[in-house]
Amino acid sequence: MIALSVDVLEKTFAGAIRWLLRGRRGASITRGEVLRQLYQIGNRSLLFVCVTLGFLGMVLVFQTCLQVNRITGDLSQVGAEFIKILVHEFGPSLTAMMLATRVGAGIAAEIGSMVVTEQIDALRMNGVDPVDYLIVPRFLASLVMTGALTTIGVGAAILMGALTAYYSFHLNPVVFLDPSHVRLGDLATGVMKCAAYGAAVPIVAGICGLAARGGSEGVGTATTRAVISASFVVILLDFFLSGFALFTFQRGGL
Amino acid sequence: MKAVQLGFEALGAAALALFDEAGGMALLAWRVLVGLFKLELDWRELMRNLYKMGVQSLPIVILTAFFTGGIMVIQSGIFIRRFGAYGLLGFGAGYATLREVGPILIGLMFSGRVGANNAAELGTMTVTEQLDGLRALSIDPIPFLIVPRVVGMMIALFCLTVLGDVVAISGGALFGKLLLNVELSSFLHSFADNLKPWDLSIGLVKAVVFGLAISITSCHFGTSVKGGAVGVGRAVNNAVVAAAVAIMISDNLITMVLR
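Protein chains in written order, with the working numbering: chain E, 1 to 254; chain V, 255 to 513.
It should be emphasised that the hints constitute simulated quantities derived from the structure, not laboratory data.
Since the structure is predicted, the reported quantities are computational estimates derived from the model, not experimental observations.
Do not take every clue at face value.
Quick list of simulated restraints, FRET-style, between CB atoms [as the list claims (entries may be wrong)]:
id, chain 1, residue 1, chain 2, residue 2, range
1, E, R44, V, M510, 25 to 35 Å
2, V, A339, E, T117, 54 to 64 Å
3, V, F291, E, T30, 54 to 64 Å
4, E, V191, V, K292, 52 to 62 Å
5, V, V420, E, P179, 31 to 41 Å
6, E, N126, V, Q259, 33 to 43 Å
7, E, T151, V, R389, 47 to 57 Å
8, E, S168, V, L272, 21 to 31 Å
Backbone N, C-alpha and C define an ideal beta-carbon position, used for all residues, glycine too.
Full structure from sequences and hints, please.
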């Protein structure tokens, strides 16, 4: 497992860089495969991400307004602070948790089924490296699409949050939709988190898929392990990147 | 014209599939409820499931909760440092953890570990025709397989959330001292003085409902698998996605109703 992980990590980054530098000549990775993965990972997750993030926005605003009403009763800052924390924390992290479940499980199930039906061995026999052929396109697609989906998800959460604040607490949307508290450091933290999560999820899920053994039971186990490992890696990265941001951007007043 | 027709066809197919799955889950939930009222469940299977779902999920839940506490302290710390209100750290981190973030993150991890595992197990049993085998022996799979899992997941997630809350608050206190230099006693005082038992109970109500949602989705998708190893993988995928949506929606409903 450890040897496989090191192998996949090394080959994924090397393959991705090679592909980006040399374009279509980069061995077995085709542009069509990357586009197909962009569609699979991005477009097919769009509804899921919008629904979950929209509901998250509703519940966060509801809880915050409830609490602020109990203490000060001045709701004018809720929107600005909500947008700030959404940009640097909940937007990227919850989108990535959702993608870890949907995309992570999908990648592991697909690659795991290929392993147990010996399609991976067939690839190797044809001189094609399974990491280059299967994981690198998913890695590139996930890197791009995590950022795109986070942006859309944050938009959905802000929209639903503004509606909740208006209908439940009669807060004017013009007051709510105030992005003035978002600093450069918040944006940088959000982008950093998106990149880290987008890179981690397909690699972790790919490793779990390639490690599948046995028949349909093995595919199930691999998928389960992919979901749990990818989600945990997201939480771990969130912790370390938030701590990093606390001591650099926040302290520097950015 | 053709494109419009195709668009409507796709919309209709998606809606039909959605209602198909939702109806299947509602039917399953109803049969589980009936089985529960008649106390038709296999107690030995329930104990085995409680061990597998509860005890064996302990490490991942404790780790998740520990880091969740840390994340919440860091996030509250950003506000608190701006206003200089270090005395409110325990309150801010505790409120968010107990009511919202704790149950959701533990629920999502539980869905990944136990829900996915359950869907995979039931899916494997379905594609290897073991469920048909049970029926051929005139054993109803609902009380024998499904009811113990549903009850097991609700009890296990409740207990894990209680434990996870404790770990998250302790982790929060520890990281508050390490990262923000807030004394443990001041953290715990601000936690205990400002939060009511209601804040804890609302999170625990959520945990039980999430357990129900995770178990129904995973049992439904597990038992309706079609077609070999590929089908099992797809069922696990669908189960975790449906569980995540169900968690978010029920979280909203509970928050709005119970406040």
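Here is how each hint holds up against the structure:
1. R44/E with M510/V: 25 to 35 Å: Because 30 Å falls inside the window, the suggested range holds.
2. A339/V with T117/E: 54 to 64 Å: Roughly 59 Å apart at Cβ, these two residues keep to the hinted range, so it holds.
3. F291/V with T30/E: 54 to 64 Å: holds (57 Å)
4. V191/E with K292/V: 52 to 62 Å: Taking Cβ atoms as reference, V191/E and K292/V lie about 55 Å apart, which means the hint holds.
5. V420/V with P179/E: 31 to 41 Å: holds (38 Å)
6. N126/E with Q259/V: 33 to 43 Å: holds (42 Å)
7. T151/E with R389/V: 47 to 57 Å: holds (49 Å)
8. S168/E with L272/V: 21 to 31 Å: About 27 Å separates the Cβ atoms of S168/E and L272/V, which means 21 to 31 Å holds.
Checked against the numbered hints given earlier, the structure satisfies every one of them.
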